[in-house]
Amino acid sequence: MATPLLNPPAPGRTLGESLQQRGVSRRALLKYAAYLGGLMAMPASTTQAFAEGLASARRQSVIWLSFQECTGCTESVTRPFSPTFESMIFDLISLDYHETLQTASGEAAEEARLKAMADNKGKYIVVVEGAIPAKDGGIYSTIAGQTNLDMLRDTVKDALAVVAVGTCASFGGIPKANPNPTGAGPASDFVTAKPVIAIPGCPPIAEAMAGTIAYMISFGKLPELDQRGRPKAFYGETIHDRCYRRPFYERGQFADSFDDEGARRGYCLYKVGCKGPVTYNSCATLKWNGGVSFPIQSGHGCLGCSEPDFWDQGGFYRPLSASLHNLGLPLAAAGVAGVALGAGAAWTARRHLASRGQDVATPEGKKP
Amino acid sequence: MTLLDFARGPALEASLFIFVAGVIWRCVGTLLLPWRLVRVEPRKGASSPWVAALKGVLVKLWPYDTFAKSGVVQFVNGYIFHAGFAVVFLLFAPHILFIKGVTGLSWPSLPNNVIMMIGVVTAASLVVALVFRVTSPVLRLISRVDDYISWFLTFLPVATGLMAAAHLGLRYETLLSLHILSFCALLVWFPFGKLMHAFLFAFSRAVTGVRMGQRGAAI
Chain A
1 MATPLLNPPA PGRTLGESLQ QRGVSRRALL KYAAYLGGLM AMPASTTQAF AEGLASARRQ
61 SVIWLSFQEC TGCTESVTRP FSPTFESMIF DLISLDYHET LQTASGEAAE EARLKAMADN
121 KGKYIVVVEG AIPAKDGGIY STIAGQTNLD MLRDTVKDAL AVVAVGTCAS FGGIPKANPN
181 PTGAGPASDF VTAKPVIAIP GCPPIAEAMA GTIAYMISFG KLPELDQRGR PKAFYGETIH
241 DRCYRRPFYE RGQFADSFDD EGARRGYCLY KVGCKGPVTY NSCATLKWNG GVSFPIQSGH
301 GCLGCSEPDF WDQGGFYRPL SASLHNLGLP LAAAGVAGVA LGAGAAWTAR RHLASRGQDV
361 ATPEGKKP
Chain B
1 MTLLDFARGP ALEASLFIFV AGVIWRCVGT LLLPWRLVRV EPRKGASSPW VAALKGVLVK
61 LWPYDTFAKS GVVQFVNGYI FHAGFAVVFL LFAPHILFIK GVTGLSWPSL PNNVIMMIGV
121 VTAASLVVAL VFRVTSPVLR LISRVDDYIS WFLTFLPVAT GLMAAAHLGL RYETLLSLHI
181 LSFCALLVWF PFGKLMHAFL FAFSRAVTGV RMGQRGAAI
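For the record, the sequence lines run as chains A and B.
End of the first sequence = 368 in the numbering used here, gap-free, step of one.
End of the second sequence = 219 in the numbering used here, gap-free, step of one.
What the hints contain is simulated information worked out from the structure, not anything from laboratory work.
Think of the CB as a built atom: it goes at the ideal place given N, C-alpha and C, for glycine as much as any other residue.
Some hints here could point you the wrong way.
[Unchecked claim] Here are the computed distance ranges between Cβ atoms for each label pair: (1) B/Val102 with A/Arg350: 31 to 37 Å; (2) B/Lys69 with A/Gly315: 23 to 29 Å; (3) B/Phe6 with A/Ala144: 48 to 54 Å; (4) A/Ala28 with B/Ala166: 40 to 46 Å; (5) B/Leu200 with A/His352: 19 to 25 Å; (6) B/Asp146 with A/Thr46: 38 to 44 Å; (7) B/Val121 with A/Ala28: 57 to 63 Å; (8) A/Pro195 with B/Phe6: 27 to 33 Å; (9) B/Ala124 with A/Leu222: 42 to 48 Å; (10) B/Lys69 with A/Asp226: 18 to 24 Å; (11) B/Phe192 with A/Arg228: 36 to 42 Å.
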């Protein structure tokens, strides 16, 4: 992987010139553009424009803020399977601040962030990883004496756009799960004046991140987003729609448990809680580890990790068509209430009949 | 909370509570109602009340000869949408999982394509039933708002279910949410409207059977 923090771009140079100086040929850039363009379902005719856009752009300043998170998203983006391609994203950007990756620490690290903000005012991209705790003034997570909430607001005010990477930054994720003790929320809850692009997933697919950033650098605009702010190119279809087990769903052939005959035959995992039908992501097409596999292929249902509140869906193994909670007690209470109401109604009817002097009888119509 | 979470959570829980409490209330209330005193002696050779009750329920599963010819299409259509609704509700895998979640019971399912086909037939049959109702002067005269609400709330889950299965119009999770919410509406309305006939038809037919049996009249 390139080390952008130790090797800043020469001022005034375009990306194409910088890459050429580093031994990355124009042909390699074109292949990279074709690769990303293919992933984003862009027409082949735009590959040239994509590559030209990348070559003529300046390296994009990126400030990466890490809040309530596990660093899994950084792990995903920085540990690609085929470094030749995915790591090129780090040649396209100037990662000016990233607490895990940068060599600077303490005040020097914060100075790097402030300098990047000042040098690239209105042009830098803020990547947010992790949810932002807001309860009690946001005191539950601080960096350099500053709450995450304050750091986000301070950093975002002069940014070009915000990219929320991972489900925590996109939708709140695990920190926001019930009972959400820190009042955590997604970046979009606190950033209203700038566009926020969501790249959810726990973790997100590296190509989704790279493709989105490269698109923004090349074309100078946001990719087409869905109603949750996700790039449609990567989140346009459900896992279920692209799942190789889909034919088994249609045939009504399901695994009833993880080790039964159905599971061994590769039947649909709907009954064991797969959330693929309502989860928008590219796992079934791009897959992981260089296209080797994805969770469903490995025999486990989709958790729905790129959707809001995926942690609070009543359990990973509860089927999608079942209610979120166990209903035994409420329905037993409903039964008792029903019997009481019915008995009360019948008693009232009997009293009414008695008051009118009418006799009651056995089913045979005789006096009891 | 997303619309789907609301549908699978509070909406389903509240509507199931109302459904169970309401149905038991109406059934228990009806079963505990006092029998009327019959002051005449039963006709000699009259069948026992239980046999007469069972006969009353079963015999009326098909219309009298007098009405069989004129109303056979309507009658058969009624069977089509009742049976179709039952098959779609009871033999579609996701529905079975829902039932299993509530009762703990499960059974084998039919393939989705078969369910889809039966669902389309059921929806068409329900539309035919509505056409009968609004075009027949007699049916129109005896129809109340309750009838139309009951029809609508029966048709809605079938229509939204078909749309969800075919991914028509909206995103799948929205269609699924609307399908579950329409089912919730059906559950809430069920004990209070004419849909309650699903349980009470047996009671009313049985009582008619008993009364007719006592008089020695043919049912």
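Going through the hints against the structure:
1. Checked against the given bound of 31 to 37 Å, the beta carbons of B/Val102 and A/Arg350, roughly 33 Å apart, stay inside it.
2. Between B/Lys69 and A/Gly315 the beta carbon distance is about 56 Å. The supplied range of 23 to 29 Å is therefore violated.
3. Our hint of 48 to 54 Å for B/Phe6 and A/Ala144 is violated, since their Cβ atoms are close to 40 Å apart.
4. In this structure the hint that A/Ala28 and B/Ala166 lie 40 to 46 Å apart at CB holds, the actual value being about 45 Å.
5. Hint check: B/Leu200 to A/His352, Cβ distance near 20 Å, so the stated range 19 to 25 Å holds.
6. In this structure, B/Asp146 and A/Thr46 break the distance hint of 38 to 44 Å, their C-beta atoms being roughly 59 Å apart.
7. Taking 57 to 63 Å as the suggested C-beta distance range, the pair B/Val121 and A/Ala28 conforms, at roughly 59 Å.
8. Range check, A/Pro195 to B/Phe6: Cβ separation about 28 Å, and the 27 to 33 Å hint holds.
9. Judged by the Cβ atoms, the range 42 to 48 Å given for B/Ala124 and A/Leu222 holds: they are separated by roughly 45 Å.
10. For B/Lys69 and A/Asp226, the hinted distance range of 18 to 24 Å is not satisfied, since their beta carbons lie about 57 Å from each other.
11. A beta carbon spacing of about 38 Å between B/Phe192 and A/Arg228 agrees with the range 36 to 42 Å that was offered as a hint.
Of the hints listed earlier, those the structure fails to meet are numbers 2, 3, 6, 10, in rising order.
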